[in-house]
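Colleague: For reference, the chains in residue letters:
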Amino acid sequence: MNISLDIRDKVLIVNFNGELDHHSAEETRKEIDKIYSDRRLLHIVLDLKKLNFMDSSGIGLIMGRYKNVSDNGGKLFLVNVSSRVEKIFRMSGILKIVQMYDSLEDVLVNI
Amino acid sequence: MIQNSMKLEFPSKSQNESFARVVVASFAAQLDPTIEELSDVKTAVSEAVTNAIIHGYEDRIGTVFIECKIENNKIEIIVEDKGIGIEDINKAIEPFYTSKPELERSGMGFTVMETFMDELQLISEAGKGTRIKMVKVFRSVKAEE
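Sequences listed follow chains A and B, in order.
Under the numbering used here, think of the first position of the first sequence as 8, with each following residue one higher.
Under the numbering used here, think of the first position of the second sequence as 2, with each following residue one higher.
Calculated from the structure, these hints are not laboratory results.
A portion of the hints provided could be inaccurate.
Stated by the list, open to error - Listed next, the in silico DMTMM-like pairs over lysine to aspartate or glutamate satisfying Cα-Cα at most 25 Å (straight line):
(1) 56(A) - 105(B)
(2) 8(B) - 126(B)
(3) 82(A) - 13(A)
(4) 103(A) - 95(B)
(5) 101(B) - 78(A)
(6) 101(B) - 33(A)
(7) 103(A) - 115(B)
(8) 37(A) - 59(B)
(9) 74(A) - 38(A)
(10) 94(A) - 105(B)
(11) 74(A) - 103(B)
(12) 37(A) - 103(B)
(13) 101(B) - 26(A)
(14) 14(B) - 34(A)
(15) 56(A) - 37(B)
(16) 14(B) - 33(A)
(17) 14(B) - 38(A)
(18) 8(B) - 33(B)
(19) 94(A) - 95(B)
(20) 8(B) - 120(B)
(21) 82(A) - 105(B)
(22) 101(B) - 40(A)
(23) 57(A) - 33(A)
(24) 74(A) - 95(B)
What the hints assert, rightly or not - Beyond 12 Å from chain B on every Cβ pair, some chain A residues (computed):
(25) 21
(26) 28
(27) 36
(28) 38
(29) 41
(30) 45
(31) 61
(32) 67
(33) 78
Here the structure is a predicted model, which means the values were calculated and not measured.
Think of the CB as a built atom: it goes at the ideal place given N, C-alpha and C, for glycine as much as any other residue.
Let's have the full structure, built from the sequences with the hints guiding it.
Modeller: Okay, structure coming up:
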């Protein structure tokens, strides 16, 4: 798993590439949290286009980031969610609190 | 009728989570299931192995055992550890319950296994270990008499 990070204004865009499980979640979480607090950002967009695999560790990671962003007055968005990953999101009920969009552009015009 | 089996054991290091799910999925692939069915198996195995590593063995390294059997259009997968075991099984399988919230675990592991597999059996004894048996029927694969 590797992630690439983009910043647009106060928005952190995280592009996932690879497999998100318990092993990769911790490192990923640290990287996101560091840049988010160091650069004093507000919102986070998680782009899951190149995420090939995710288990429930991904739910934990998203819930944790949702909490940080909310505590900071920002919002968390998910984009490019595959049907496979969406199945796990639906199971966990996470879509009741986190918004899912088709593309990054859709998020940026809605912020 | 296709019949086959395999056994796998490895140390409870988190790097082995992806190794384990890929091995089981490629073993299951000989039945020629759909990608969706194979993904269900992969995800369930990932959950079971992660449980063995973080809950069964906690901070020490033990051995995780996997046994798979294929019969007709069905795969049976056993994931076992000789770790600390589960004190209260009913609590452990409750959605969103986690004994390790500090690790940002979602508590969805057993729910995922139950949803993606056709059968799930959990046997655990405190101090002895945990054994998870899961069965998946590949409905896309025609069963032979």
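Colleague: Against each hint, give a clear statement of whether it holds in the structure.
Modeller: Hint-by-hint comparison with the structure:
1. 56(A) - 105(B): Given that 25 Å is the threshold and the Cα spacing comes to 23 Å, the pair holds.
2. 8(B) - 126(B): 22 Å, holds
3. 82(A) - 13(A): 16 Å, holds
4. 103(A) - 95(B): Holds. Residue 103(A) to residue 95(B) sits at ~20 Å (cutoff 25 Å).
5. 101(B) - 78(A): 22 Å, holds
6. 101(B) - 33(A): 14 Å, holds
7. 103(A) - 115(B): 22 Å, holds
8. 37(A) - 59(B): 21 Å, holds
9. 74(A) - 38(A): Distance of about 16 Å is within 25 Å: holds.
10. 94(A) - 105(B): 20 Å, holds
11. 74(A) - 103(B): Cα-Cα ~13 Å, so holds.
12. 37(A) - 103(B): 14 Å, holds
13. 101(B) - 26(A): 22 Å, holds
14. 14(B) - 34(A): 15 Å, holds
15. 56(A) - 37(B): Satisfied, since the Cα-Cα distance of roughly 18 Å is no more than 25 Å.
16. 14(B) - 33(A): Holds, at roughly 14 Å.
17. 14(B) - 38(A): 21 Å, holds
18. 8(B) - 33(B): 20 Å, holds
19. 94(A) - 95(B): The given pair, whose Cα atoms are some 19 Å apart, holds under the 25 Å limit.
20. 8(B) - 120(B): Holds: residue 8(B) and residue 120(B) sit about 20 Å apart, inside 25 Å.
21. 82(A) - 105(B): 19 Å, holds
22. 101(B) - 40(A): Roughly 20 Å between the alpha carbons, so the hint for residue 101(B) and residue 40(A) holds.
23. 57(A) - 33(A): It holds: about 19 Å lies between the C-alpha atoms, which stays within 25 Å.
24. 74(A) - 95(B): It holds: about 22 Å lies between the C-alpha atoms, which stays within 25 Å.
25. 21: 16 Å, holds
26. 28: 5 Å, violated
27. 36: At roughly 7 Å from the nearest Cβ of chain B, residue 36(A) sits no farther out than 12 Å, so the non-interface label is violated.
28. 38: Its Cβ never comes within 12 Å of chain B, the nearest being 14 Å, so this holds.
29. 41: Holds, because the least Cβ-Cβ distance between residue 41(A) and chain B comes to about 15 Å, which exceeds 12 Å.
30. 45: 20 Å, holds
31. 61: Since the minimum Cβ distance to chain B is about 8 Å, residue 61(A) lies within 12 Å and the statement is violated.
32. 67: 4 Å, violated
33. 78: 15 Å, holds
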